[in-house]
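K.L.:
Sequence:
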Amino acid sequence: MGWGAALLEYTRPRQRPSQWDTVIYQQLQGASNTAAAAYNSCRAYIPAWSDWRQKQQWLAQQINDLQRVNNHRSWRNRVYQNVAQSYNSWANQLSIMRVNNRIIRATTCSTCYFRLGYASAYVSQALRQANEALNRNRNRQEAGRQLQLARDHLQRMLSVLRVYREIQMPRGSFIIRCSNLNRLNLGNRIQNLFAACRSLNNLPGKIQAANQMSDQIGNTLLNDCIPRRGAVNRPGGPGSGPGGGGSGGSGGREICGDGIDNNGNNLIDEGCNYKREIILDDDECPDDTVGLVVDGRKLGNTPPGNKRHFDVSYLRPGRHTIIVLAVRSGGQQYRCSNNKQVTYSVKLGKGIKFTNGRNYATGNIKEGSNRKYTIVVQ
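Mapping the sequence shown onto UniProt numbering, position 126 (from 1) lands on 126, and the numbers just tick up by one.
Heads up, a few of these hints could be off.
Claimed, not checked - Straight-line alpha carbon distances no greater than 16 Å define the calculated EDC-like cross-link-like pairs of lysine to aspartate or glutamate that follow:
| no. | residue 1 | residue 2 |
| --- | --- | --- |
| 1 | Lys298 | Glu166 |
| 2 | Lys350 | Glu270 |
| 3 | Lys275 | Glu367 |
| 4 | Lys307 | Asp281 |
| 5 | Lys347 | Glu270 |
| 6 | Lys372 | Asp295 |
| 7 | Lys307 | Glu270 |
| 8 | Lys340 | Glu367 |
No lab work stands behind these hints: they were computed from the structure.
Given only the sequences and the hints, what does the whole structure look like? Please build it.
P.N.:
Structure (structure tokens):
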């Protein structure tokens, strides 16, 4: 939702629908998937978004409204306002706990997870928009405005962190324990980025810092899921990563679209029967981790040494760009040569081909680098 809100704010002057709005549709569709995944993952602890079906319908309506031609600018502004308000409205619905068969209304770990995810995504996107406005459009005023929006959302993150600490303070025998974010040193990093955002200098460095912080928050919330006896523990809640889901372990059932290995078989979102999908896997070397970017949007990483099915049903017919990221080499731990190389394979699902007509590709690239392909959706 944070990505979508930032993009909608930036594009409010548009007078008609644009082909570039596809990126916004993707973000709203991702939020739709998250709503269902969060409900399934969190309901044993916190009844997260029990109205997830209504939320999905509401998000679909926002996408439809964004495609209206008549009076488009008014509709676009309305969609922006609706999505921006979700920072409070969606988070407030997570401020509820079930303790000893009683419903308690209070700020929860998941409330903070959602707001951190929203705000950190907004910061990253606003900084990218500032960079585009400054260097591509030569619009220093707009670049400064986007920079201020990034600062506003960094302040939001600091406020959330204060609440995050407060809700974990002991209250008699009642203790709430959330994921441990202390190791990320977020407070200092946010303050440093906030100070750096007083000027338009070195925007690429600021973007990198924001992206790294957002990714680390998501990874921590997804992976730090150790329950503690005698505590209400809800790590990995909404907004915590690509799918915003929980700690997994759903009784052997894969929750399609949440980006989590729910059933512990080292495969993500297999058997989901997506209308269109891209399957990414390591190839020859065990334990390699690869990531996928489609049309500028990162969809996530594979489990180390295993495969992941990515839902790309939203892609419209035509050409699209995918990038395979060499995230981490497993060569140091296994028999593969210790040369920081990452092997991968890409399989395109039904209705998608590479420009050479094939639907399968393999490669070998250095850790930290990437390889770009053009695909054709039929």
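K.L.:
A separate judgement is required for each hint: does it hold in the structure or not?
P.N.:
Quick rundown of the hints versus the structure:
1. Lys298 x Glu166: violated (33 Å)
2. Lys350 x Glu270: holds (15 Å)
3. Lys275 x Glu367: Given pair Lys275, Glu367 is violated - Cα atoms ~31 Å apart, limit 16 Å.
4. Lys307 x Asp281: Holds: Lys307 and Asp281 sit about 4 Å apart, inside 16 Å.
5. Lys347 x Glu270: holds (13 Å)
6. Lys372 x Asp295: holds (11 Å)
7. Lys307 x Glu270: Distance of about 9 Å is within 16 Å: holds.
8. Lys340 x Glu367: Given pair Lys340, Glu367 holds - Cα atoms ~5 Å apart, limit 16 Å.
Checked against the numbered hints listed earlier, the structure breaks hints 1 and 3; every other hint is satisfied.
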